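Chemist: In case you want the letters, here they are:
There are 2 protein chains.
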Amino acid sequence: MTSQPYRPAEIVSPYLLFLGDIEDSVSAKMARAVVIWRPEKAVGQLRMTEKTVSVGIEDLSIEEACARGARTLVIGVANSGGKLPSHWRDVICQAIENGMDVASGMHQRLDAIEGVAELARKHGVTLHDIRHSHPPLEVGNGEPRQGKRILTVGTDCSLGKMFSSLALQRGLEEAGFNARFRATGQCGVLVAGEGVAIDAVIADFISGAVEWLSPAAADDQWDIIEGQGSLFHPAYAGVSLGLLHGAQPDYIVMCHELGRPHMRHLPNRPMPDMAACVEASLSAARITNPDVQLAGFSVNTSQVDEATARRELEALSQQFGVPATDPIRFGIEPLVATFTKGAA
Amino acid sequence: MTSQPYRPAEIVSPYLLFLGDIEDSVSAKMARAVVIWRPEKAVGQLRMTEKTVSVGIEDLSIEEACARGARTLVIGVANSGGKLPSHWRDVICQAIENGMDVASGMHQRLDAIEGVAELARKHGVTLHDIRHSHPPLEVGNGEPRQGKRILTVGTDCSLGKMFSSLALQRGLEEAGFNARFRATGQCGVLVAGEGVAIDAVIADFISGAVEWLSPAAADDQWDIIEGQGSLFHPAYAGVSLGLLHGAQPDYIVMCHELGRPHMRHLPNRPMPDMAACVEASLSAARITNPDVQLAGFSVNTSQVDEATARRELEALSQQFGVPATDPIRFGIEPLVATFTKGAA
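Residue numbers (my numbering), protein chains in the order written: chain F, 1 to 344; chain D, 1001 to 1344.
No lab work stands behind these hints, which were simulated from the structure alone.
Some hints could be false.
[As the list claims (entries may be wrong)] Derived Cβ-Cβ restraints for the label pairs, each shown as a range: (1) D/Gln1221 - F/Gly193: 44 to 52 angstroms; (2) F/Glu194 - D/Asp1305: 29 to 37 angstroms; (3) D/Pro1135 - F/His262: 27 to 35 angstroms; (4) D/Arg1089 - F/Asp90: 44 to 52 angstroms; (5) D/Gln1094 - F/Arg121: 50 to 58 angstroms; (6) D/Arg1329 - F/Ala217: 44 to 52 angstroms; (7) F/Pro261 - D/Pro1215: 24 to 32 angstroms; (8) F/Asn268 - D/Arg1329: 24 to 32 angstroms.
[Unchecked claim] Coverage of chain D stretches by chain F, computed from C-beta distances (three or more under 8 angstroms per stretch; other residues unrestricted): (9) 1085 to 1092; (10) 1139 to 1152; (11) 1179 to 1186.
In this text, all values refer to a predicted model and were calculated from it rather than measured experimentally.
Glycine included, every Cβ here is placed at the ideal spot set by N, Cα and C.
Make the full structure from the sequences, and use the hints.
Modeler: Structural data, given as structure tokens:
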């Protein structure tokens, strides 16, 4: 593996978070990631309609945002398939004409929108395609490497793997661990300022990219690697498996959402069985780390009341013999405690 | 899924098969695929040294090949990582200067070699990057679709999945089935003249690309889908799993090589257990086709004597209750018989 220093170009803040006209709250995850993890970087949000999802910060026009010093229009949306709706073009062009850089986490490149590359050159602004910014890659080799690794995995997409990873990183750091967050998605890369959007690399290099992202390190270095998708999602399982093998985790944290009616974007597909998810993840992970263990569960319980949440978490904890928590509702500490006890 | 008509540009024959200076026989699989499945298209081979692997056809220089009407220099090699060695540049340029098109199945594009794009323009020849020729893709959805599908899977890379698929397609066609070969690798695409090199698509679209490649069809249409890699290969399992989900196979054929000492390119990694491979493949395939079945085994036995081969095939057949054959040594008929009996 090459492991040369590499960093994507810095995305200059303050940001104006653009939400287009999306009405699906989960799609706003780029914007929400900034608001939760880097709130100091966002000056406001721009929504095209009143019905557009809000991430709870001030609505600003491009002119208003510029007057407050905004430097980059961040497309705050990550939709399935990663195409930029053509009717968002005018807002993007207006930002460029006002001297703002533009950052996007879509598969479709910004310069694939008609006229945008030329306009950006004319106004001397930078276009950041976060998903396409990665180092030269090699195929994986699966060789054991030093250092400790925790990977978040999940029963489905978009249910809190990035949040759980960042919360765990912060919790471990506060507990005195040398813990780094390793971003594998466009939101994580935006928050961390570095990483690889793993779903956008050429398929042959999925594992190799993760081996690059979390190279051999000191024995007391903990890499918290952001997981993607689910081994049970018919569109994305390949990414999830390659990531799992490349991450070579010592521990996995299973992420889940209580009350989710079906797998994301697939109304005909029920959520997978939890025991099957745990077993499939551990079984696949053993291919590159025979000693992998389940550390616990990180569950989004926002759809149920507190008593139900506590009961369900306790049931998971009993069934699998590991902690289960909702990091937003009840804090990440039960999971952090697993590692502080283990390291004691 | 969009399913618009799509075909890659035709690669004009006759071909001169270029083997560079490779000494690893398995890497010559592009050239060997042509020699076995489309022998009428190859006018000769070009080897840079005497120690270079031969695919058993006449050695020709570029001038000699041109005199015999060769129209395309086909890079006959598919190496790990897919980079073109820089010292092959002179041969490629010489072919272009002699008016030949060039076709490559490497990840690295031909026009990424210094001066090659300009030279090709000057001489009016076409550069074919087989791995990069694919339609616009969508993410997979896993919805059941009509038609019958057989997928070759494997215990490792490079052990006969393409050969087995092509042999099975031919065998089924001869038995009166409406059977099509669906290519998912650069060699298969070269042989079939169409398909998608699945390891070269963006990771998010692996399953979607296979759904596109083998769309809904008549109930008596059999698609024989070429598999890639192995669920147990730490570099490529993501591709294998996405392909498996997208293929939605009714039947899998497990491909294997007797006597392989370790997984390809990974001397520290023993070959996986066969029962684990079968179970992992069926278990993962059930996610998009709950009725998937193991049809049988296609085993490369070239490293052992005939008595050993027969004994090992019989043992596999006994253990799993399905046919096991070496399609080169003993023919594909035992596998074809599974389907003729099933359809009777």
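Chemist: For each hint, tell me whether it holds in the structure or not.
Modeler: Outcome of the hint check:
1. The hint said 44 to 52 angstroms for the Cβ distance between glutamine 1221 of chain D and glycine 193 of chain F, and at roughly 50 angstroms that hint holds.
2. In this structure the supplied range 29 to 37 angstroms is violated for glutamate 194 of chain F paired with aspartate 1305 of chain D, their Cβ-Cβ distance being about 55 angstroms.
3. Look at proline 1135 of chain D against histidine 262 of chain F: about 29 angstroms separates their beta carbons, and that is inside 27 to 35 angstroms.
4. As the Cβ distance of arginine 1089 of chain D to aspartate 90 of chain F is approximately 46 angstroms, the hint placing it in 44 to 52 angstroms holds.
5. Checking the proposed 50 to 58 angstroms range against glutamine 1094 of chain D and arginine 121 of chain F shows it is violated: the Cβ atoms sit about 38 angstroms from each other.
6. Take arginine 1329 of chain D and alanine 217 of chain F: their Cβ atoms lie about 49 angstroms apart, and the range 44 to 52 angstroms holds.
7. At roughly 28 angstroms, the beta carbons of proline 261 of chain F and proline 1215 of chain D sit within the given window of 24 to 32 angstroms.
8. At about 44 angstroms, the CB distance of asparagine 268 of chain F to arginine 1329 of chain D disagrees with the hint of 24 to 32 angstroms.
9. Restraint check on the segment 1085 to 1092 of chain D versus chain F: 0 residues with Cβ-Cβ distances below 8 angstroms, three needed, restraint violated.
10. Coverage of the segment 1139 to 1152 of chain D by chain F holds in this model, with 5 residues showing a Cβ closer than 8 angstroms to a Cβ of that chain against a need of three.
11. Here the segment 1179 to 1186 of chain D counts 0 residues with a CB under 8 angstroms from a CB of chain F, which misses the bar of 3, and the coverage is violated.
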